[in-house]
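J.: Listed below are the residues making up each chain.
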Amino acid sequence: MGSNPIFRLNKIKMLEFLILLPLIGSLIILITPSENYIFIRNTALNCSLFTFFSSTFLWTAFDTQSCCFQFVSKSYWLESLNINFILGVDGMGLLFIVLTTLIFPICILSSWKNIRKNLKEYMLLLLIMESLLLLVFSTLDLLLFYIFFESILIPMFLMIGIWGSRRRKIRASYLLFFYTLFGSVLMLVAIMSIYVQTGTTDYQTLLFFDFNEDKQKFLWMAFFISFASKIPMIPVHIWLPEAHVEAPTTGSVILAGILLKMGSYGFLRFSIPLFPEASLYFTPLVYTLAVISIIYTSLTAIRQTDLKRIIAYASIAHMNLIMLGIFSLNIQGIEGSLVQMISHGVVSSALFLCVGVIYDRFHTRLLKYYSGVVLVMPLFTSLFLLFTFANAALPGTCNFVGEFLLFAGIFQDNLFVAFFAATGIILSAVYSLWLFNRISYGNLKELYAGSVFKDVSKREFHVLLPLVFLTIFLGVYPEVLLNKIHLINVLSNF
Amino acid sequence: MTNFHILFENHFKVFLPEIYIIFMALFLMIDGVIITNLKSYNYPYYIKEMSFYSVLSLSFTLVLIINNPLNNVIIFNNLFIVDNFSVFIKGFSILMTIGCILISTNFVEATKTNSFEYLILILFSSFGLLCLVSSFDLVSMYIALEVQSLAFYILASFRKEIAFSNEAGLKYFILGAFSSGLLLLGISFIYGAVGTTNFEDLGKLFIGFDFLDLSNDLFNINNRIIIGIVFIFVGILFKLTAAPFHMWAPDVYEGSPFFVTILFSVVPKIALFGAASKIFYFALYEGLFYWQLLGAFCGILSIFVGTLKALQQIKIKRFLAYSSIGHVGFLLLGFSTGTIVGVQGLLFYLVIYALMMLHIWGLVVSLELLGSKRRQIKYIYDLQGLAKSNSLMAYSLCIGMFSMAGVPPLAGFLAKFYILFSSFEASFHILVIIAILLSVVSSFYYIRFIKIIFFDENNAGFFHESRLNLVHSIILAVTFLFILFLFIKPNLLLILTQYVGLSLFIF
Numbered sequence: 048m049g050s051n052p053i054f055r056l057n058k059i060k061m062l063e064f065l066i067l068l069p070l071i072g073s074l075i076i077l078i079t080p081s082e083n084y085i086f087i088r089n090t091a092l093n094c095s096l097f098t099f100f101s102s103t104f105l106w107t108a109f110d111t112q113s114c115c116f117q118f119v120s121k122s123y124w125l126e127s128l129n130i131n132f133i134l135g136v137d138g139m140g141l142l143f144i145v146l147t148t149l150i151f152p153i154c155i156l157s158s159w160k161n162i163r164k165n166l167k168e169y170m171l172l173l174l175i176m177e178s179l180l181l182l183v184f185s186t187l188d189l190l191l192f193y194i195f196f197e198s199i200l201i202p203m204f205l206m207i208g209i210w211g212s213r214r215r216k217i218r219a220s221y222l223l224f225f226y227t228l229f230g231s232v233l234m235l236v237a238i239m240s241i242y243v244q245t246g247t248t249d250y251q252t253l254l255f256f257d258f259n260e261d262k263q264k265f266l267w268m269a270f271f272i273s274f275a276s277k278i279p280m281i282p283v284h285i286w287l288p289e290a291h292v293e294a295p296t297t298g299s300v301i302l303a304g305i306l307l308k309m310g311s312y313g314f315l316r317f318s319i320p321l322f323p324e325a326s327l328y329f330t331p332l333v334y335t336l337a338v339i340s341i342i343y344t345s346l347t348a349i350r351q352t353d354l355k356r357i358i359a360y361a362s363i364a365h366m367n368l369i370m371l372g373i374f375s376l377n378i379q380g381i382e383g384s385l386v387q388m389i390s391h392g393v394v395s396s397a398l399f400l401c402v403g404v405i406y407d408r409f410h411t412r413l414l415k416y417y418s419g420v421v422l423v424m425p426l427f428t429s430l431f432l433l434f435t436f437a438n439a440a441l442p443g444t445c446n447f448v449g450e451f452l453l454f455a456g457i458f459q460d461n462l463f464v465a466f467f468a469a470t471g472i473i474l475s476a477v478y479s480l481w482l483f484n485r486i487s488y489g490n491l492k493e494l495y496a497g498s499v500f501k502d503v504s505k506r507e508f509h510v511l512l513p514l515v516f517l518t519i520f521l522g523v524y525p526e527v528l529l530n531k532i533h534l535i536n537v538l539s540n541f
Numbered sequence: 312m313t314n315f316h317i318l319f320e321n322h323f324k325v326f327l328p329e330i331y332i333i334f335m336a337l338f339l340m341i342d343g344v345i346i347t348n349l350k351s352y353n354y355p356y357y358i359k360e361m362s363f364y365s366v367l368s369l370s371f372t373l374v375l376i377i378n379n380p381l382n383n384v385i386i387f388n389n390l391f392i393v394d395n396f397s398v399f400i401k402g403f404s405i406l407m408t409i410g411c412i413l414i415s416t417n418f419v420e421a422t423k424t425n426s427f428e429y430l431i432l433i434l435f436s437s438f439g440l441l442c443l444v445s446s447f448d449l450v451s452m453y454i455a456l457e458v459q460s461l462a463f464y465i466l467a468s469f470r471k472e473i474a475f476s477n478e479a480g481l482k483y484f485i486l487g488a489f490s491s492g493l494l495l496l497g498i499s500f501i502y503g504a505v506g507t508t509n510f511e512d513l514g515k516l517f518i519g520f521d522f523l524d525l526s527n528d529l530f531n532i533n534n535r536i537i538i539g540i541v542f543i544f545v546g547i548l549f550k551l552t553a554a555p556f557h558m559w560a561p562d563v564y565e566g567s568p569f570f571v572t573i574l575f576s577v578v579p580k581i582a583l584f585g586a587a588s589k590i591f592y593f594a595l596y597e598g599l600f601y602w603q604l605l606g607a608f609c610g611i612l613s614i615f616v617g618t619l620k621a622l623q624q625i626k627i628k629r630f631l632a633y634s635s636i637g638h639v640g641f642l643l644l645g646f647s648t649g650t651i652v653g654v655q656g657l658l659f660y661l662v663i664y665a666l667m668m669l670h671i672w673g674l675v676v677s678l679e680l681l682g683s684k685r686r687q688i689k690y691i692y693d694l695q696g697l698a699k700s701n702s703l704m705a706y707s708l709c710i711g712m713f714s715m716a717g718v719p720p721l722a723g724f725l726a727k728f729y730i731l732f733s734s735f736e737a738s739f740h741i742l743v744i745i746a747i748l749l750s751v752v753s754s755f756y757y758i759r760f761i762k763i764i765f766f767d768e769n770n771a772g773f774f775h776e777s778r779l780n781l782v783h784s785i786i787l788a789v790t791f792l793f794i795l796f797l798f799i800k801p802n803l804l805l806i807l808t809q810y811v812g813l814s815l816f817i818f
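Chains as they are written, first to last, in our numbering: chain A, 48 to 541; chain B, 312 to 818.
If you're looking for bench data, these hints aren't it; they were derived computationally from the structure. Hints may contain errors.
The calculated lysine-lysine pairs, modelled on DSS-like cross-linking and capped at a C-alpha distance of 27 Å, are [unchecked claim]:
(1) A/Lys-492 to A/Lys-164
(2) B/Lys-762 to A/Lys-167
(3) A/Lys-164 to B/Lys-800
(4) A/Lys-505 to A/Lys-164
(5) B/Lys-471 to B/Lys-482
(6) B/Lys-626 to B/Lys-423
(7) B/Lys-762 to A/Lys-160
(8) B/Lys-626 to B/Lys-800
(9) B/Lys-762 to B/Lys-699
(10) A/Lys-492 to A/Lys-415
(11) A/Lys-415 to A/Lys-501
(12) A/Lys-505 to A/Lys-492
(13) B/Lys-699 to B/Lys-689
(14) B/Lys-762 to A/Lys-164
(15) B/Lys-482 to B/Lys-626
(16) A/Lys-160 to B/Lys-699
(17) B/Lys-471 to B/Lys-423
(18) B/Lys-350 to B/Lys-423
(19) B/Lys-800 to A/Lys-60
(20) B/Lys-699 to A/Lys-167
(21) B/Lys-689 to B/Lys-471
(22) A/Lys-160 to A/Lys-501
(23) B/Lys-359 to B/Lys-699
(24) A/Lys-121 to B/Lys-800
Build out the structure end to end from the sequences listed, making use of the hints.
T.: Okay, here's the thing in structure tokens:
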């Protein structure tokens, strides 16, 4: 199959095509007058769906037997500085690309009715963001990775600021902007330092370069601060609940589903392969911070009253569990963390969508106003139940597979850490079930007795349906994900 | 003396742009004086025509500069030089002057400042700038700088009926004269020590000097030269509004009329950095140890002051003044590296900085023209409600501000990256980290613009959704597209600046 030249040509162009598609869509939207909003949102949806469709070709054309980067294409960018635009994916990048292209049509469909203000700009920003995210996960150049990693801030900042709900959104968008920027400028210094020493920022070339140990520690720390504030780990986590609460549903979904994964992707892609000794050296630090984060945020999640805040804190706990898996530095841990990242992307997105669904009806996010929703919205409640169970990692859901592998990895490495991290599982069951219980059961509040509650509409059901399918399917047959990443992990570890 | 014309034949050819622009300035002055006093024309205001003519003559000057017949020649008894570096700086500063005039013409008409003289003064100052950039001797540099400054003093106090403007002119004049005095003192110290003021002679003379050998005798020749270098550098820092010498800048920027402020914040910085690179990379390069220290210190201090003082500002003009001080800090950081990459970074930053400033100023001026009451947009909060009434301009201001803050992938980021990279390469490790952290702090107030435009929801409907005029929209579109899409092919600009920067070193 690989020897057919036509097929090969297609493979090479595939990634660029995928990245250009949302941009073409945004161009079409740009020249459409904003009164024509039906056309705009149809274009956005079709464009993102088509991108997803194309990414499935990428998925099938991906050669699992090869350990090299695939679909590699190189175009000149700053050739006088030897910094070039190199695109390529391995199994890990592929997973995130497909996750991104999957989440975006869902996002666009979920904001079908409830975005009234500036729909054109909204769709424009969404499509541009999709393109930038695809670039983040497919670029193989350190400086360009930094550029795209940072440039997500512009659309995200505007999205929270413009389409957020309350006055507090300004604080939230500021927090998002400054935590990320402060964290990542040090990464820029580290990249400059790497470039001054090696004369290149090409990732594939840098893999063959050994930095001396002291320098590795500095570089690792600079990368760590930027990725850790994206994950987020404990001292720099406060922006995430704020941003989640104030963002529109779509913004929350993108934040939880994809943006947080940029941090863990960065660790797997850059920190560990480029600075292996420093990674080993700093593993206790990561373990400590991650365990503190898991327990602290789980306990915090239990006493929140805002629906989105609970899910936000839960996703911090899950992301830190993923960090433990990554830094267990063995196959089970890393593969588990990858599966967990994808399943967290699916499940927490679905939970935010569920919150969005009931927010559209009740117009509040405070938990104490909710009760007995099951009496009026049975279908919604059963969907919500599934995702709640998935969030608590019930066997049969995709989170279970991820957490099982993660803990298999962590137990091999450090029993003590595994013990404390495992309390996170219990606590996750506590807050997930508590959240579900408070919303669904009990008496229907009299406050809302007069108004009419409709169950999930057809559109909302179809927004959630692919996520339901993935939650169960990946829980039953996770080999779909794992066979894409087996080989690359084996090679990167030995 | 009989073959005078043969002796200087090539010299006049090379000096043609300067000759042309001074003649055009004189001609237009006479023309304006005559026409505006003619009863048969009903004493016309003559601003639109005059600005057209001055733009035309500046464009011809630009053509003459680019199209110079000889390259790398030293003319008029080693007083001036024309090489790629000076051609680039001259051409770019003339281009920016044209942009400033085009932006401000409509505004001048709208505010009924009915005197055409400011255009003549701009032409005179451009003459000064051209001479300054191409000067190859400390004395000719000083005189050219004075020609330019003199025109600027008058421009600063151009609206003589407003007290603020008078204050600005007076402040600018006193401090400008003071800094010129320092500069002259430095020049005389150096002349007294070595007996020459020519750049090439100085550069060759200083090669053998051991500047680090300081004896106790204050009037040792080394000490005299070092004092001279420091004074010259301080004089230039004064004119550049770098940090410890910046106090006059916000007041002058605020007091001067709008069209002058635009010019001040863009054009002289380009020319002065060009001239400074000539002096310090050609003549005084051997004293690198001293002026590098001074430059790096003032650079970091400028970034610091520009960042922290701009946080408190509520007036747009003062805000932009402080923000330009911060940018000067970055430029100085690149300048003081003393490497080829540093100069290239400096040029790269200068181009992007000038275009960004032109973009922001153009937006502010055209918003002022669109404002319903024709009242000045004085405070930052006057921009509230822009997103609702004119979303295209709101988004383009937003992109401009993100670019000033240095958020990738916009042009401002590339500029900052390259200049910080060059400083990093010159082992300014700590300075780079400080500068980069301060630039994060500085993004706070750029972000505040975006917050005011997009997120605040009162006072909507201040701006008409009327059409911009053609010239403004063309300039804004060009600068906007440059800022947004430089990322796609930055290599073109980078190669140009690298080539030009290289020509400073390889003569």
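J.: Provide an ascending list of the numbers of those earlier hints which the structure does not satisfy.
T.: Of the numbered hints given earlier, those the structure breaks are 1, 3, 8 and 23, listed in rising order.
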